[in-house]
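Listed in order, the protein sequences are those of chains A and B. Numbering that gives the first Met the number 0 puts the first residue of the first sequence at 0, with every later residue one more than the last. Numbering that gives the first Met the number 0 puts the first residue of the second sequence at 0, with every later residue one more than the last.
Treat the hints as calculated values from the structure; they're not laboratory data. Wrong hints could be hidden among the right ones.
Simulated pairs of lysine-lysine, PhoX-like, Cα-Cα distance not exceeding 20 angstroms [said to hold, decoys possible]:
hint: 1; chain 1: A; residue 1: 23; chain 2: B; residue 2: 170
hint: 2; chain 1: A; residue 1: 23; chain 2: B; residue 2: 150
hint: 3; chain 1: A; residue 1: 101; chain 2: B; residue 2: 59
Here are a few chain B residues that sit away from chain A, every Cβ distance over 10 angstroms (derived from the structure) [claimed, not checked]:
hint: 4; residue: 35
hint: 5; residue: 57
hint: 6; residue: 144
hint: 7; residue: 183
hint: 8; residue: 186
For glycine and all other residues, C-beta sits at the position ideal for the given N, C-alpha and C.
Residue-level listing of the chains:
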Amino acid sequence: MAAGVATWLPFARAAAVGWLPLAKKTMPKPPLDKKSRNDEILFVNVSGLRFQTWKNTLDRYPDTLLGSSEKEFFFNEDTQEYFFDRDPEMFRQILNFYRTGKLHYPRQECIQAFDEELAFYGIVPDIIGDCCMEEYRDRKKENQERLAEDTEAEMATDTPLPPDSTSRERLWRAFENPHTSTMALVFYYVTGFFIAVSVIANVVETVPCRPLKGSKRDLPCGEKFSLAFFCMDTACVLIFTFEYLMRLFAAPSRCKFMRSVMSVIDVVAIMPYYIGLVMPENEDVSGAFVTLRVFRVFRIFKFSRHSQGLRILGYTLKSCASELGFLLFSLTMAIIIFATVMFYAEKGTKGTNFTSIPASFWYTIVTMTTLGYGDMVPNTIAGKIFGSICSLSGVLVIALPVPVIVSNFSRIYHQNQRADKMRAQQKVRLARIRLAKKGTTNAFLNYKEEGGFQDRDSDSALCLKNRSSFEHQHHHLLHCLEKTTNHEFTDELTYSEMCMTESVGYRTSRSTSISSQQGVATSCCPRRAKRRAIRLANSTVSVSRGSIQELDTLQVHKSSAGPQSRSSLNARTEDLKLNCEDRDFTAAIISIPTPPANTPDESLPPSPAIPGILRNSRAISYTHEAFKISSL
Amino acid sequence: MGAVVGTLTMQTRQRRPSRDKIDDELELSIVCHRPEGLEQLEAQTNFSKKELQVLYRGFKNECPCGAVNEETFKQIYSQFFPHGDASTYAHYLFNAFDSSQNGSIKFEDFVTALSILLRGTTTEKLQWTFNLYDINRDGYISKEEMTDIVKAIYDMMGRYTYPALKTDTLKQHVDAFFRKMDKNRDGVVTLDEFIHSCQEDENIMRSLQLFENVI
Numbered sequence: 000m001a002a003g004v005a006t007w008l009p010f011a012r013a014a015a016v017g018w019l020p021l022a023k024k025t026m027p028k029p030p031l032d033k034k035s036r037n038d039e040i041l042f043v044n045v046s047g048l049r050f051q052t053w054k055n056t057l058d059r060y061p062d063t064l065l066g067s068s069e070k071e072f073f074f075n076e077d078t079q080e081y082f083f084d085r086d087p088e089m090f091r092q093i094l095n096f097y098r099t100g101k102l103h104y105p106r107q108e109c110i111q112a113f114d115e116e117l118a119f120y121g122i123v124p125d126i127i128g129d130c131c132m133e134e135y136r137d138r139k140k141e142n143q144e145r146l147a148e149d150t151e152a153e154m155a156t157d158t159p160l161p162p163d164s165t166s167r168e169r170l171w172r173a174f175e176n177p178h179t180s181t182m183a184l185v186f187y188y189v190t191g192f193f194i195a196v197s198v199i200a201n202v203v204e205t206v207p208c209r210p211l212k213g214s215k216r217d218l219p220c221g222e223k224f225s226l227a228f229f230c231m232d233t234a235c236v237l238i239f240t241f242e243y244l245m246r247l248f249a250a251p252s253r254c255k256f257m258r259s260v261m262s263v264i265d266v267v268a269i270m271p272y273y274i275g276l277v278m279p280e281n282e283d284v285s286g287a288f289v290t291l292r293v294f295r296v297f298r299i300f301k302f303s304r305h306s307q308g309l310r311i312l313g314y315t316l317k318s319c320a321s322e323l324g325f326l327l328f329s330l331t332m333a334i335i336i337f338a339t340v341m342f343y344a345e346k347g348t349k350g351t352n353f354t355s356i357p358a359s360f361w362y363t364i365v366t367m368t369t370l371g372y373g374d375m376v377p378n379t380i381a382g383k384i385f386g387s388i389c390s391l392s393g394v395l396v397i398a399l400p401v402p403v404i405v406s407n408f409s410r411i412y413h414q415n416q417r418a419d420k421m422r423a424q425q426k427v428r429l430a431r432i433r434l435a436k437k438g439t440t441n442a443f444l445n446y447k448e449e450g451g452f453q454d455r456d457s458d459s460a461l462c463l464k465n466r467s468s469f470e471h472q473h474h475h476l477l478h479c480l481e482k483t484t485n486h487e488f489t490d491e492l493t494y495s496e497m498c499m500t501e502s503v504g505y506r507t508s509r510s511t512s513i514s515s516q517q518g519v520a521t522s523c524c525p526r527r528a529k530r531r532a533i534r535l536a537n538s539t540v541s542v543s544r545g546s547i548q549e550l551d552t553l554q555v556h557k558s559s560a561g562p563q564s565r566s567s568l569n570a571r572t573e574d575l576k577l578n579c580e581d582r583d584f585t586a587a588i589i590s591i592p593t594p595p596a597n598t599p600d601e602s603l604p605p606s607p608a609i610p611g612i613l614r615n616s617r618a619i620s621y622t623h624e625a626f627k628i629s630s631l
Numbered sequence: 000m001g002a003v004v005g006t007l008t009m010q011t012r013q014r015r016p017s018r019d020k021i022d023d024e025l026e027l028s029i030v031c032h033r034p035e036g037l038e039q040l041e042a043q044t045n046f047s048k049k050e051l052q053v054l055y056r057g058f059k060n061e062c063p064c065g066a067v068n069e070e071t072f073k074q075i076y077s078q079f080f081p082h083g084d085a086s087t088y089a090h091y092l093f094n095a096f097d098s099s100q101n102g103s104i105k106f107e108d109f110v111t112a113l114s115i116l117l118r119g120t121t122t123e124k125l126q127w128t129f130n131l132y133d134i135n136r137d138g139y140i141s142k143e144e145m146t147d148i149v150k151a152i153y154d155m156m157g158r159y160t161y162p163a164l165k166t167d168t169l170k171q172h173v174d175a176f177f178r179k180m181d182k183n184r185d186g187v188v189t190l191d192e193f194i195h196s197c198q199e200d201e202n203i204m205r206s207l208q209l210f211e212n213v214i
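Isolated chain A, as found in the complex (with noise of 0.2 angstroms):
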C-alpha cells in the first residue's frame, strides 16, 4: 500500500464510528501498540554527509532497508547515528523517495550506479515517478542493448560451439556468421563475387557489339557471345542453386526458412534459368520466358545479406510504409482530377494527343512532377491555363508531403516507440497495483485465517507473523467492517463453491417437493444449469442427479468464539434438538449466521429448504449464536 495512505489510516479508524449505530455485532478490539509512537529524528551519516529525518518518513516502506529493521546494522554506537559507506549524491534521491513518494533518477548519473544503489537500498526500481521513467527506461535498454552487443561480439569471435554440436549445426552457425571460420568467410565472398558476376553479366548483354562479319545490325553482345554467357549463367545459378540447398539443409527450422524473405529472393533468382531449361525454344512461349528473364536481376537483392545498410532502408521502407501509401493515395486523387480535366478541355482540338482520360494520366504525372518531357501538351487555351494550375499544384502536392513524411516518419517512429514503452510500463504498474490489491485482500484473508482475532494476550500470538503495526490496524479496520454488516470478506473461489453448492441445495430441496416453497432471490450467482455431484468435505452427502433426496437430519453446529479446523468441525455434529420454545428456525434468515472463517466451503441451502423440514417456523430473528446447516 501506498506510503501517505498510512498517514490517512488513524482518520479512517476514526470514521469508523459512523459504523456503530448500525453493526450487527459487537466491534473488536483494537490492536494494541506495543511501542510509544514518539516521533524521533534519525541522523543518517552516508560518507561524511549527515541527512536528518524524521523516524516516521523512513517507516512509510517498511519492505526497505532503511524503512525495515535491517538498518539496525549500520548503526554506530559511538556516534549514535546510521553510517552508510555509498554515495551521497544518490542518497539525496533515496532520501527524497522516502519523503515525497516518488522516486527520480538524476540524469547525470551512470544508470548503472544508480540500479546498485536502488538494490542495496532494497527499492524496486519499477517505482520511478512517470517523469524520469522514460529516460531512465532508455538509458537502461541502451545500456543493455550495449552490453548485449559486447557480449554477442565476443562470443562471435570465440566461437563458443559447444563441442557436440552436429555438423548441421555448425554449417548453420557458419552461413550466418561468416566471420567464424575461415571456410564460411570465404564461401562468403565467393558468393558475393559471383552474385556481381551474374548481375554484371546480365547487364552486359544487351550491350551492342560490333556486328558478325557480312552483317550490318548491330548485334547485342548476349547474342553474339551467347555460349560464353550461357556457361557464365550456368555456373552462377550452379553456385547459387548449392547455397541455396545447403542453407535449407542447415536451417533448424525449414518451414521458417522457407518463408524468409531471403530465401524467397534466393529462389526467385535461379527459378528463370530452370524455367528456361525446361521450356522448349517456342515461339509462344518465349516472349513469356524473356519475361521471366527479368527475375534474374532480383539477385541484385542478394547481396542484402552481404550488406547491413540495405537491411536497414528495407526495414525504414516497410516501418513508413503507411506514410508512403497516404502520398500515393493524395496523388493518384491529383492526378485524377487533373486528368479528367484536361480531357475535357482539349476534346475539341483536332489530332489531340488526350485521346482518354488514362491517356491524360501520363501527361498530369510529367507535369506534376515538373517532369515536362513534352510529348503532350494542350493547345486550347483552357488547357493550357488548367495545365499550368496543374504543374503549379504539382510542386505543391509532391513537394508538401515529402518533408511532412519524413518528420512524421521520425516522429511517428519515435512515438511509437514511446507509445509501445507506455504500454508497457502501464501493464506493469497495472499489474502491480493489481498484484498489491490483491496482497491486501489476502493479506487480510490470511490474517483471518491464522487466528489474528484471538485475543492478544494469550502466548498463541506469537505465532502470528511479525507484521507492522499499520498493517495490524487496517485490518483491524476491516474486521470492524465485516462486524458492521455481519458478512465476511472471502475470495473469488470460495465465494464461487458456495455459489455452486447454494444452488445444488436449492435444486435438491426442488426435487423433494415440499409444499411450501419460498422463493427465495438467490441473486448472488446465476443458476448453474447442470447438476454436478458435488463433493463436500465434512458434509456425508453426495448430490446425484435427479434423485429425490430427503433432507432428513439437519445438523446444528454451534461454533464456539475461534476459528475451528475442519475435521473438529467434523467431530462436533449434534443431533437436532428442536427446542422450539427458546428459539425458532426462521423461514427467511434475517441475517446469515456467520460460521467460522475456515471452512466457507461447507454447504449451505437456502432458505427454501428450511420450510421442508421445520413445519412449524414461526419468523424470528437471532442474535447471538452461529449456527451452520448442512444439509444430508
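Given the structure of chain A, go ahead and fit chain B onto it with the hints provided.
For chain B alone, kept in the frame of chain A given last:
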C-alpha cells in the same frame, strides 16, 4: 525541382522550435491554504500541540496545497477497502467532514472532526454520526437516507462475501435499524431519538470507546 523545394522547406521547418508550449504552463495558479495558528487549533480541539504537529505534517505531505478535494479523498479512502467500492461512502464521509460545504476539506475541518471522533464526548460522537447519516441535513434520518448509507457500506464489502449478499439484506438491515431507533414509529429518526436509542445500547456505548487511542 520539387525535391529541392521539398528539402528546403524541410530544413526551415526543422529550425523553428515550438515556442508556444511553454506559455500556457505558467498560467496555472495554485491556490494554497494555510491553517490557523497552532495555539488556536489547540484551543479549539482536544489535541495536544505535539499531536497537532504530527497530524499536520502528515496532512501537508499528502496535500501540499492545504486542502483535500473530493476526488483525492475518494481515492485515499478507497485504498483502505480494496475488496469493494468505497466511493459512495467516501462521498458521504466527505460531506460530513466538510463542515463549510465548499467542496474541500481543509486542515481545520480535518482536525475538528478527528477531535470529535477520537476525543469527544459520546454525545458529540453520536451527533457527528447523526450528521453523517442525515444526508440532506434536514434534521431527520429518513428510510431512503438510511438505505443509501447502508448500501454504501455494503458496497465496501465487495462481491465476494460470506455469506453471499441477498437482495433483501439491505432492507432488513435498515428495518432493524429503524425498529431500534425510531421510537415513535413516525418513519424518521430525529437526533434525540437517535442519541437516546444509542445510549440505551450497551454494545454501541462500549464500542465508542474503542477508537480512543488511534492517534
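These are the hints, each one checked on the structure:
Pair hint residue 23 of chain A plus residue 170 of chain B holds up; C-alpha atoms about 14 angstroms apart against a cutoff of 20 angstroms. Taking the CA atoms of residue 23 of chain A and residue 150 of chain B, the gap is near 15 angstroms; set against the 20 angstroms cutoff, the hint holds. The suggested pairing of residue 101 of chain A with residue 59 of chain B holds, with an alpha-carbon distance near 16 angstroms, which does not exceed 20 angstroms. Under the 10 angstroms C-beta cut-off, the non-interface status given to residue 35 of chain B relative to chain A holds; the minimum distance is some 19 angstroms.
Remark: the non-interface label on residue 57 of chain B conflicts with the geometry, its nearest Cβ contact in chain A lying 3 angstroms away (cut-off 10 angstroms). Every Cβ of chain A is farther than 10 angstroms from the Cβ of residue 144 of chain B; the closest lies at roughly 12 angstroms, confirming the non-interface assignment. Under the 10 angstroms C-beta cut-off, the non-interface status given to residue 183 of chain B relative to chain A holds; the minimum distance is some 18 angstroms. No Cβ of chain A approaches the Cβ of residue 186 of chain B within 10 angstroms, the least distance being about 18 angstroms, so the stated non-interface status holds.
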